Structure formats: structure tokens, C-alpha cells
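Colleague: Sequence:
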Amino acid sequence: MTSTAPPAASESADKGLRGGALGIIASVVIGVASTAPAYSLAATLGFIVVGVGLQSPIIVILAFVPMLFTAIGYQELNKADPDCGTTFTWATRAFGPKTGWLGGWGIIAADILVMASLAQVAGQYVFLLVGADSIGSNPTSGWVLLVGILWIVIMTAICYIGVELSARLQQVLLTVELFVLLIFSVVALARVYTGHGVASSIHLDWSWFNPMQIDSFSTFFRGLLLMLFIYWGWDSAVSVNEETADPGRTPGRAAIISTVMLVVTYTLVTIAAQSFAGVGSKGIGLGNTDNSSDVISVLGKAVFGAGHVGSIMSHLLIFMVLTSAAASTQTTILPTARTALSMGVYRALPRRFADVHPRFRTPTVATLGFGGISIVLYAILNYTSNAADVIADCVTALGMMIAFYYGLTGFACAWYYRKTLGNSARDLWMRGIIPTLGGIIMYFALIWSLHDDWLSPAKDTAASYTGFTVPGLHWVIGGAFVLGVGTMIVGVIIMLVLMITIPAFFRGKTLNRDTPTLVRDEPELELPPTV
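Numbering follows this note's numbering, with no gaps: position 329 of the sequence shown is 329.
In case anyone wonders, no lab produced these hints; they're calculated from the structure.
One should not assume that every hint holds.
Subject to a maximum C-alpha distance of 20 Å in a straight line, what follows is the list of computed PhoX-like cross-link-like pairs (lysine-lysine) [as the list claims (entries may be wrong)]:
| id | residue 1 | residue 2 |
| --- | --- | --- |
| 1 | Lys-301 | Lys-79 |
| 2 | Lys-282 | Lys-301 |
| 3 | Lys-509 | Lys-98 |
Just so we're clear, the structure is a prediction, and the values are computed from it rather than from any experiment.
Modelling step: build the complete structure from the supplied sequences, incorporating the hints.
Modeller: Written out as C-alpha cells, the structure reads:
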């Protein structure tokens, strides 16, 4: 690597995707929708409150900090190279092909791990919406599996048809989602402050924003890890960078705007829910572990009441969580397919992954392949013993992937610009210090997650729902640890095989710091000369 300047944006070329299809609004919508705010709050808020009690709002705000720092790293790297491979491409340019490939695998692995949970929730809520509670309350029901698979098929088809259709659908779904969350929060707070709350209702207190009142650092960090998960997904706004207008600026701005919108939404809903229900361990209290897996639908019935309007709003809340999970299914497919496309273009994956549909101008093998893998994995997990617990551990394990590739992006930003950080105070902070701090926090979260997930589920402090006994040693290791570390081992094995079968990328011939974004030609892809 001889040059310290990033490749000029004018040197970049598309890979056959539909350039200019998305504006800033569409990019922000994709970024926010990818986090599935309603689904994430419904599935996670209860567990956070069980851990940190009244300090949940400050956990929401503090978890925003590393996300914002990482988003700034994404923005700065995207200015240099608006490539849909994001972390894969940027880490390759900064640290070399092996590190870059593992960064790309982190994105793909995280999305594969979460798809079963998203499809399962979407399947359950279809039945809850129509009043078939006996089916909807059983996450491993064959009917839930069937509907979940249909959701994956439908969302894969929409992603295959085109990013514009995907963005338009996301705008509708996200508008409904944020509107209902706002109505829920306003009504809940209004009832509390007009004296029409429930027995456990409490008024907002500034002590809720004091992290020093949390019992221990371990408890604090467990809550922070959970919040990192529900912020995850905004980077989808950057993964569609080659399909946006002004790809060097719009995606990075969209990523930052998305994180800000999320912290406002999550803080408002958390305060409203906590104020209305309290943090008690009985009834609708957020500390009641019987409700931890779905606090939104439980609170919805209490907030809106049992009348005709209340019934409509309660069903609208269920519909909101359903569409949130379904929308996130779609926006999980989008970035993964584009990461795989970029890896195919640069020969980090087999050439077929670089295929783009001539009419729809979307990744073909990458989109359909990811949808198919998600269906197969979901079906397999659904029929394992303790299927619901295994899928829950998949969600926990993907936290490792999130911390890994988000943190890697932060470090890649600082290292990529290391020779120009002294040019200005702005460069030092925005391209050096802030992304590095984001990376440090993310990797600390990764190490802490490995520590917690190692613990046996028989222990009171275990983060896993299942356990794996090591033959001959009688060690009981947390299922989340096995899934997370196992997924990375699978990635290393695949990488080693590809290093033998398609070695050009791993020898630095197809992508390095000075390589412009490649043009996808038919039938062969023209590769740059070896640098």
C-alpha cells in the first residue's frame, strides 16, 4: 500500500445495482426500519428492566453513545469508498484481506442468526392478530413455522424485485410503527399524570437517569448489551449506498440520523411504559418475568382499555409488532445480499454471488441464497429440542457478531485515515478518536458477552437459555457461547477453503487500499492489476 489518500469517489463505479434509486428519506427509513423498533422494544425492554430496574432510561441513552460513535466511523469511511460491502471492503483496505473477509462474515452471520427469531415473531403475531391465541402463544407450532417461512419468502421476493419497492413498503410500515408507538406513549403518560393510571403507575423521576444507582457494574453492562442489540440494524442505510443519490454523503448522514431517531423513540417509549406500569414483579409491572418476552402487547391492553377503541388500538399494537418484525426480515435480507454481492465482485466469494438481475438490478444469487438459507435454518431450529430457547440463544449470540463488525469498522476508520489525522481537529476527532472509542466500547462488550455467555444456564447469572455439555469434561457451556463462537469458527473454516480455491482476493490482487470500486462487466469481471 503506497497511497495514503482514499480512492476518489469519481473512480468508483456501480456493480450493476440501480444507482440513484434512494434519497435521504428512503435511506433513513431503511436504517430505522432495520432495527425493528416495536419488535425490539417488545422483546427486550422487559429483560432490561428486570436487570436494572428504574434506571432503564439511562441505559437507553448510554447505549446510544457507542452506536453514534460507530455511525460516525461508517460515515467517514463511506465518504472514501461508498461500497455496498461496507465493513468487508473497508476492513480489507485498512487491515488486509483476511480481516476484511471476517468482517464480511460477521455481517452475514449476524443476519442469519436473527432471521429465525424475526420469522418466528412474525408468524406468532399473525395468529395473535386474528385472535388465534392458542396457536400464536406457541412459538414452535407448525402453523407458526409455516407462516414464518411464508414471510421470509414474501420479503425475499420484494427484495429481489427491487430496492425502490422495498423502500416504499418500508416507508408505509415504519410510518405506522412510529405513529402507534407515539400514540401509545402519549396515552400512557397522559393517564399517569391525570390520575387514570394503574395501581403500579409512578411519575417520572430524575433518578431514573443516574447510572450510579444500578446495583453493580455487571448488572449495568448486561443491560447495556441488551440495548446494543435493539439499536442494531441502522447500518443497512449504508449497505445500500451504491443505490442512493449522492452515495458519498447520503448513506453516512442517514446512518447518523437513524441512530438519533432511535434514541428519541426508545427513550420516550421506555419512560412512558415504565411510568405507566412501574417496575414491579407482579401484574403488568415491567419487572414481571412472565411478561418479559412481550411487554408491548401486555401494556397495550392496560393503556388503551377494554372498550371498542381500546380493542382497536390493542390490535393495532399487535399489528405494529407484526409489521416491525416483518419489515426487519426484509431489511435484514437487503444488507446481507449486498455484502455478499460485494464479496462476490472482489472474488472473496464464488463469482456467482456477483450476479445482478438485468431488469431488477438487484443481487440474484445473494438475495435468493440468503432467503433460502434462512428458511432452512429456521426449520431446523424449530424442530430442535427446546427450540424456543435455542432461537433465543441465537439472538443473544448475534450480539457477538454485532460488536465484532461494528467495532472493527471503528478501528478500520482510524487506521485507514491514520496518516491524515493531523490535518485538522475535525479529522482527528471524527476519523480517529471517536470511531476508535466506539470500537473499544464494542470490543469490551464482545469480551464481556463471551464471559457471560460462557456461563452454564444452571447458574443464576447465566445469559444463555440452553447449555452444552463438553464430552469427557462435564463442562456445561452456555448455548449462546457455543452458537456465537461456533459461527465464527465456521466462518474461519469457509475462509480457509476459499483461500485455497479462489486465492486471488486473499493475495491482495482484487482489493486493496488503492483499488477503486470494481465495475461489473458481462460475462467476465475485469480485475485491476496486482498492486
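Colleague: Run every hint past the structure and note whether it holds.
Modeller: Here is how each hint holds up against the structure:
1. Lys-301 - Lys-79: 47 Å, violated
2. Lys-282 - Lys-301: Status holds; Cα separation ~16 Å.
3. Lys-509 - Lys-98: OK: Lys-509 and Lys-98 at ~13 Å, within 20 Å.
Violated hints amount to a single one, hint 1; each of the other numbered hints is respected by the structure.
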